[in-house]
Amino acid sequence: MKEIVVISGKGGTGKTSITGAFAGLAKKCVLADCDVDAADLHLLLQPQVRERYEFSGGGRAEIKAEKCLKCGLCRQLCRFDAVRRPADGSSFLTVNSLACEGCGLCAHICPAGAIEFKPVVDGEWYVSDTRMGSMVHACLYPGEGNSGKLVTLVRSRAREIATGNGSDYLLIDGSPGLGCPVIASVAGSDLAVIVTEPTVSGEHDLLRIAGLTKHFRVPTVICINRSDINSAASDRIAAVAEAQGVKVIGRVRYDKAVTEAQIAGKTVNEYTDGPVAGDILAAWQRIINLTEGKE
Amino acid sequence: MKIAVASGKGGTGKTTVAVNLCLFLVDAGLQVTYADCDVEEPDGHLFLKPEIVTRRRTGIPVPHVDPEACNLCGECGSLCRYSAIVVLKDRVMTFPELCHGCGGCAYICPARAIAEVDRPIGSIDRGNAGKLGFISGCLDIGQAMSPPLIKEVLKETPDDGVTIVDAPPGTSCPAMTAVGDCDYLLLVTEPTPFGRHDLELMLKAVCSLPMPKGVVMNRVNGPDAATEELCDKYGVPVLARIPEDRLVAEAYSKGLTAWEAVSGYRTVFADLWSGIQKDAGRCGE
Numbered sequence: 001m002k003e004i005v006v007i008s009g010k011g012g013t014g015k016t017s018i019t020g021a022f023a024g025l026a027k028k029c030v031l032a033d034c035d036v037d038a039a040d041l042h043l044l045l046q047p048q049v050r051e052r053y054e055f056s057g058g059g060r061a062e063i064k065a066e067k068c069l070k071c072g073l074c075r076q077l078c079r080f081d082a083v084r085r086p087a088d089g090s091s092f093l094t095v096n097s098l099a100c101e102g103c104g105l106c107a108h109i110c111p112a113g114a115i116e117f118k119p120v121v122d123g124e125w126y127v128s129d130t131r132m133g134s135m136v137h138a139c140l141y142p143g144e145g146n147s148g149k150l151v152t153l154v155r156s157r158a159r160e161i162a163t164g165n166g167s168d169y170l171l172i173d174g175s176p177g178l179g180c181p182v183i184a185s186v187a188g189s190d191l192a193v194i195v196t197e198p199t200v201s202g203e204h205d206l207l208r209i210a211g212l213t214k215h216f217r218v219p220t221v222i223c224i225n226r227s228d229i230n231s232a233a234s235d236r237i238a239a240v241a242e243a244q245g246v247k248v249i250g251r252v253r254y255d256k257a258v259t260e261a262q263i264a265g266k267t268v269n270e271y272t273d274g275p276v277a278g279d280i281l282a283a284w285q286r287i288i289n290l291t292e293g294k295e
Numbered sequence: 001m002k003i004a005v006a007s008g009k010g011g012t013g014k015t016t017v018a019v020n021l022c023l024f025l026v027d028a029g030l031q032v033t034y035a036d037c038d039v040e041e042p043d044g045h046l047f048l049k050p051e052i053v054t055r056r057r058t059g060i061p062v063p064h065v066d067p068e069a070c071n072l073c074g075e076c077g078s079l080c081r082y083s084a085i086v087v088l089k090d091r092v093m094t095f096p097e098l099c100h101g102c103g104g105c106a107y108i109c110p111a112r113a114i115a116e117v118d119r120p121i122g123s124i125d126r127g128n129a130g131k132l133g134f135i136s137g138c139l140d141i142g143q144a145m146s147p148p149l150i151k152e153v154l155k156e157t158p159d160d161g162v163t164i165v166d167a168p169p170g171t172s173c174p175a176m177t178a179v180g181d182c183d184y185l186l187l188v189t190e191p192t193p194f195g196r197h198d199l200e201l202m203l204k205a206v207c208s209l210p211m212p213k214g215v216v217m218n219r220v221n222g223p224d225a226a227t228e229e230l231c232d233k234y235g236v237p238v239l240a241r242i243p244e245d246r247l248v249a250e251a252y253s254k255g256l257t258a259w260e261a262v263s264g265y266r267t268v269f270a271d272l273w274s275g276i277q278k279d280a281g282r283c284g285e
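Here the protein sequences line up with chains U and A, keeping their order. Position 21 of the first sequence, counting from 1, maps to 21 under this note's numbering, and the rest follow consecutively. Position 76 of the second sequence, counting from 1, maps to 76 under this note's numbering, and the rest follow consecutively.
Keep in mind that the hints were calculated from the coordinates and are not lab data. Keep in mind it's a predicted model, so treat the numbers as computed, not measured. Hints are supplied without guarantee of correctness; some may be wrong.
To be verified - Taking beta-carbon pairs under 7 Å as the criterion, some of the chain A residues facing chain U (in silico):
#1 LEU46
#2 LEU79
#3 GLY142
#4 ALA144
#5 PRO169
#6 GLY170
#7 THR171
#8 SER172
#9 LEU201
#10 LYS204
#11 ALA205
#12 TYR252
As the list claims (entries may be wrong) - Residues of chain A clear of chain U, computed beta-carbon distances all greater than 12 Å:
#13 ARG91
#14 PRO120
#15 ASP159
Stated by the list, open to error - Here are a few chain U residues that sit away from chain A, every Cβ distance over 12 Å (derived from the structure):
#16 GLU54
#17 ALA65
#18 ALA238
#19 ALA239
#20 THR272
Backbone N, C-alpha and C define an ideal beta-carbon position, used for all residues, glycine too.
I would like the entire structure built from these sequences, with the hints used as guidance.
See the structure below:
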């Protein structure tokens, strides 16, 4: 079983559309949507949820007004400016739950024992069936943190399923950026496919995300999406990538069918058999060859 | 006034809106600063091409244990919720990359054996693009935690004039850190199922925040009732509908701004600015 993670650095380059299309092309695969704070793969694959779990990434502090001595030590020590005076002018301090990092220091040091530290549910995760195979996905409650932990959970459950049912591939849809959820989805995978676009920002972000996969020693290839909107930039990206020993495994042309497929709730290759589907198929074929050691 | 530009989905045009709004406001004679808080993938400099005057490294405080002073009592290890400090039989191990910098271990250590040292996580550039002030954070590759760096960028923004904060995508801690203390929040979306879905996540994430909010619909191809209804449902006005334009996309791909490439953009951003002022005024009443 090979674990393939699709990432991009820059957002909106087409990760999810391409991951969805790959899922339809892979014969036996399990899917993991690791873009847990803006998950979209389910919009293409309409999963039937089989198992549902709550996710708690940590705790939050809460000040009990009846015990509080108003000494202010918690406010003085909180490095995250989470202990605040409420807007209603009350003299009691409160903890802003968005700012609270969950370190628990305030609860530990409060001389009156007035601060409770309780685990909170930060989101949900699911094991589902789709027409492409099993899918593990999640929904981080809006505004919550700890996305890296949730990614690790989603990914390891998906890996268990893929190993257990003899799948050939685990396909991971990653999140944009290169911080904690990205690191959690990339580290230790067999191949990272970076989906980029031929723009100055796509190119700039590609170099940073390729630096990240190199840092974690994950073999990396590039797929240039909407490659024909600026062919000169696509060629430049290819030259820079090849110079660093990173292969460009595909160029996918711009086609309105990609957005139309999204509106229809289908993958690109289900929606059309036009040239753009051919581009994606060719890229997937290169990925198969690479992971099977034929290239 | 701090205006944050954010979006649930990546690639909807946050940077395009932020940069062009800055250029409009500078042109209108205001004192403006652009602050790039998308520290994982900062791109504003590609379009604004600022002259960088200062660069400083920034980090988070992590524990350094003095083995002579430590009596292995274990209090630090039992306090730390991130497993960043672990007390073994004969020594204390620290894992700086897991540390959130709360300072708890150093504060509670009865033997005063823990000092804090700075672990660099990124850098902050300051400079100017013509009359526009420019600040940008850049997270080091391999670093997981961007919120401490985002906070440092925000601390450097001036109190006077207008600051446009370019926020990271998503709805989790980095995005919330960037928008949490702004005076006005602009959400950028696109008329696709992914765009709408992630806009709704973002509207849910920010509904408890006190500042007024507005939506910018980018790359619009005719009317989009579904997005308009969604904004209505959350009581957030749509302040601008920017038409899809191949010229803008081509200019963007080359690192040019819509402002430079397409003459009609002045009106779009003039309307957006008066929408923000009206909306901010209404909510302040």
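Tested hints:
Annotation: LEU46 of chain A was flagged as interfacial toward chain U, and the flag holds, the nearest CB pair being 5 Å apart, inside 7 Å. With a least beta-carbon distance of about 6 Å to chain U, the hint placing LEU79 of chain A at the interface is held under the 7 Å criterion. Taking 7 Å as the C-beta contact cut-off toward chain U, the hint placing GLY142 of chain A at the interface holds, the least distance being around 5 Å. The beta carbon of ALA144 of chain A comes within 4 Å of a beta carbon in chain U, closer than 7 Å, and the hint placing it at the interface holds.
At its closest, the beta carbon of PRO169 of chain A sits 4 Å from a beta carbon of chain U; the interface hint therefore holds under the 7 Å criterion. This hint holds: GLY170 of chain A has a C-beta 4 Å from the nearest C-beta of chain U, less than the 7 Å allowed. Interface hint status for THR171 of chain A: upheld, as the beta-carbon distance to the closest one in chain U is roughly 5 Å, under 7 Å. Interface restraint check: SER172 of chain A against chain U, minimum CB-CB distance 4 Å, threshold 7 Å, status holds.
Look at LEU201 of chain A: its Cβ gets to within about 5 Å of chain U, closer than 7 Å, so that hint holds up. Taking 7 Å as the C-beta contact cut-off toward chain U, the hint placing LYS204 of chain A at the interface holds, the least distance being around 4 Å. The criterion of a C-beta within 7 Å of any C-beta in chain U is met by ALA205 of chain A, whose closest approach is roughly 3 Å, and the hint holds. Restraint check, TYR252 of chain A versus chain U: the minimum CB separation of about 6 Å is within 7 Å; hint holds.
Every Cβ of chain U is farther than 12 Å from the Cβ of ARG91 of chain A; the closest lies at roughly 23 Å, confirming the non-interface assignment. Even its closest Cβ contact with chain U, about 16 Å, leaves PRO120 of chain A beyond 12 Å, as expected for a residue assigned away from the interface. Interface exclusion of ASP159 of chain A from chain U stands, the closest Cβ pair being 17 Å apart, more than 12 Å. The Cβ of GLU54 of chain U sits about 17 Å from the closest Cβ of chain A, beyond the 12 Å cut-off, so the non-interface label holds.
Even its closest Cβ contact with chain A, about 20 Å, leaves ALA65 of chain U beyond 12 Å, as expected for a residue assigned away from the interface. Every Cβ of chain A is farther than 12 Å from the Cβ of ALA238 of chain U; the closest lies at roughly 15 Å, confirming the non-interface assignment. Remark: the non-interface label on ALA239 of chain U is consistent with the geometry, its nearest Cβ contact in chain A lying 17 Å away (cut-off 12 Å). With 12 Å as the threshold on Cβ separation, the claim that THR272 of chain U sits away from chain A holds: the shortest Cβ distance comes to roughly 16 Å.
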